[in-house]
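Sequences are here, hints too, so could you generate the full structure?
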Amino acid sequence: GENVEQHPSTLSVQEGDSAVIKCTYSDSASNYFPWYKQELGKGPQLIIDIRSNVGEKKDQRIAVTLNKTAKHFSLHITETQPEDSAVYFCAASSYTGGFKTIFGAGTRLFVKA
Amino acid sequence: EAGVAQSPRYKIIEKRQSVAFWCNPISGHATLYWYQQILGQGPKLLIQFQNNGVVDDSQLPKDRFSAERLKGVDSTLKIQPAKLEDSAVYLCASSLVITGQGGGYTFGSGTRLTVV
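Same order as they appear, the protein sequences are chains A and B. Anchor point for the first sequence: position 63 equals 72 in the working numbering, and the numbering is continuous, going up by one each time. Anchor point for the second sequence: position 97 equals 157 in the working numbering, and the numbering is continuous, going up by one each time.
Hints in this document: simulated from the structure, not taken from any laboratory. Some clues are possibly wrong.
[To be verified] Simulated restraints, written as ranges between beta carbons of each label pair: (1) A:T105 - B:A80: 40 to 46 Å; (2) A:E11 - B:R124: 23 to 29 Å; (3) A:A79 - B:G63: 32 to 38 Å; (4) A:V29 - B:D134: 36 to 42 Å; (5) B:S67 - A:A79: 20 to 26 Å; (6) B:K138 - A:A122: 28 to 34 Å; (7) A:L49 - B:P68: 15 to 21 Å; (8) B:D134 - A:R70: 46 to 52 Å; (9) B:K122 - A:T78: 23 to 29 Å; (10) B:R124 - A:A79: 26 to 32 Å; (11) A:G50 - B:G88: 24 to 30 Å; (12) B:P68 - A:R117: 33 to 39 Å.
[To be verified] To spell it out: a stretch of chain B is covered by chain A in this simulated footprint if at least three of its residues, at any positions, have a beta carbon under 8 Å from a beta carbon of chain A; those stretches are: (13) 98 to 104; (14) 136 to 144.
[As the list claims (entries may be wrong)] Part of the chain A face toward chain B, derived, beta carbon under 8 Å: (15) G25; (16) A38; (17) K51; (18) G52; (19) L55; (20) D58; (21) A79; (22) F98; (23) K109; (24) T110; (25) F112; (26) G115; (27) F119; (28) A122.
For every residue, glycine included, the Cβ atom is placed at its ideal position computed from N, Cα and C.
Written out as structure tokens, the structure is:
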């Protein structure tokens, strides 16, 4: 079946450094790729998304890139801050009569002050 | 706008007991989802409603799980009887988009279920 692979599972960076999380998907019908941030005890929160007709999108310190040919998409966080520490999930959505969204397993990001 | 409301926040039950979770989505959101999130994993879809109709329940263990969304607003998810492997966080999410274009979800804070 369709799946989304996410790497790395854990990432530790120094405050101010950049962090990159990568995902690959298998369903070629996927056309929408959201990223979620989940803090302890809370539900996932949408932080940025990208559609299949766009190769890159940026919002302040975060950016997402998409390579549809390779079925890869990545999250880039620049100038990391301690409050960026959380679990990040990528997801891939397709529409075939109804939405189907598959989540990656998550990346736990630690930003050391 | 108010977020997705879920209750209870925590629940501890013994195996073979039953439990129910409640969700109130964001007003006007036609689509409602129940996800199961096992510790250390990504959310896994259990069931998706569009208004009060089921769109996808292919991953719902129907021998023990049931869900309903009366009047296309609130939803309840029930487990009966519970098993140890049902211990997880149950997340409710809603979204506005009902066309062929994907859209982000708004998640509630979840219900953490522990089955002992």
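Verification of the supplied hints:
{"no.": "1", "hint": "A:T105 - B:A80: 40 to 46 Å", "in the structure": "violated, 31 Å"}
{"no.": "2", "hint": "A:E11 - B:R124: 23 to 29 Å", "in the structure": "holds, 25 Å"}
{"no.": "3", "hint": "A:A79 - B:G63: 32 to 38 Å", "in the structure": "holds, 36 Å"}
{"no.": "4", "hint": "A:V29 - B:D134: 36 to 42 Å", "in the structure": "holds, 40 Å"}
{"no.": "5", "hint": "B:S67 - A:A79: 20 to 26 Å", "in the structure": "violated, 43 Å"}
{"no.": "6", "hint": "B:K138 - A:A122: 28 to 34 Å", "in the structure": "violated, 44 Å"}
{"no.": "7", "hint": "A:L49 - B:P68: 15 to 21 Å", "in the structure": "holds, 18 Å"}
{"no.": "8", "hint": "B:D134 - A:R70: 46 to 52 Å", "in the structure": "violated, 37 Å"}
{"no.": "9", "hint": "B:K122 - A:T78: 23 to 29 Å", "in the structure": "violated, 39 Å"}
{"no.": "10", "hint": "B:R124 - A:A79: 26 to 32 Å", "in the structure": "violated, 40 Å"}
{"no.": "11", "hint": "A:G50 - B:G88: 24 to 30 Å", "in the structure": "holds, 27 Å"}
{"no.": "12", "hint": "B:P68 - A:R117: 33 to 39 Å", "in the structure": "violated, 26 Å"}
{"no.": "13", "hint": "98 to 104", "in the structure": "holds (count 5)"}
{"no.": "14", "hint": "136 to 144", "in the structure": "violated (count 0)"}
{"no.": "15", "hint": "G25", "in the structure": "violated, 28 Å"}
{"no.": "16", "hint": "A38", "in the structure": "violated, 11 Å"}
{"no.": "17", "hint": "K51", "in the structure": "holds, 6 Å"}
{"no.": "18", "hint": "G52", "in the structure": "holds, 3 Å"}
{"no.": "19", "hint": "L55", "in the structure": "holds, 4 Å"}
{"no.": "20", "hint": "D58", "in the structure": "holds, 6 Å"}
{"no.": "21", "hint": "A79", "in the structure": "violated, 20 Å"}
{"no.": "22", "hint": "F98", "in the structure": "holds, 5 Å"}
{"no.": "23", "hint": "K109", "in the structure": "holds, 7 Å"}
{"no.": "24", "hint": "T110", "in the structure": "holds, 7 Å"}
{"no.": "25", "hint": "F112", "in the structure": "holds, 3 Å"}
{"no.": "26", "hint": "G115", "in the structure": "holds, 5 Å"}
{"no.": "27", "hint": "F119", "in the structure": "violated, 15 Å"}
{"no.": "28", "hint": "A122", "in the structure": "violated, 25 Å"}
Hint compliance for this structure: hints 1, 5, 6, 8, 9, 10, 12, 14, 15, 16, 21, 27, 28 are broken, all remaining hints hold.
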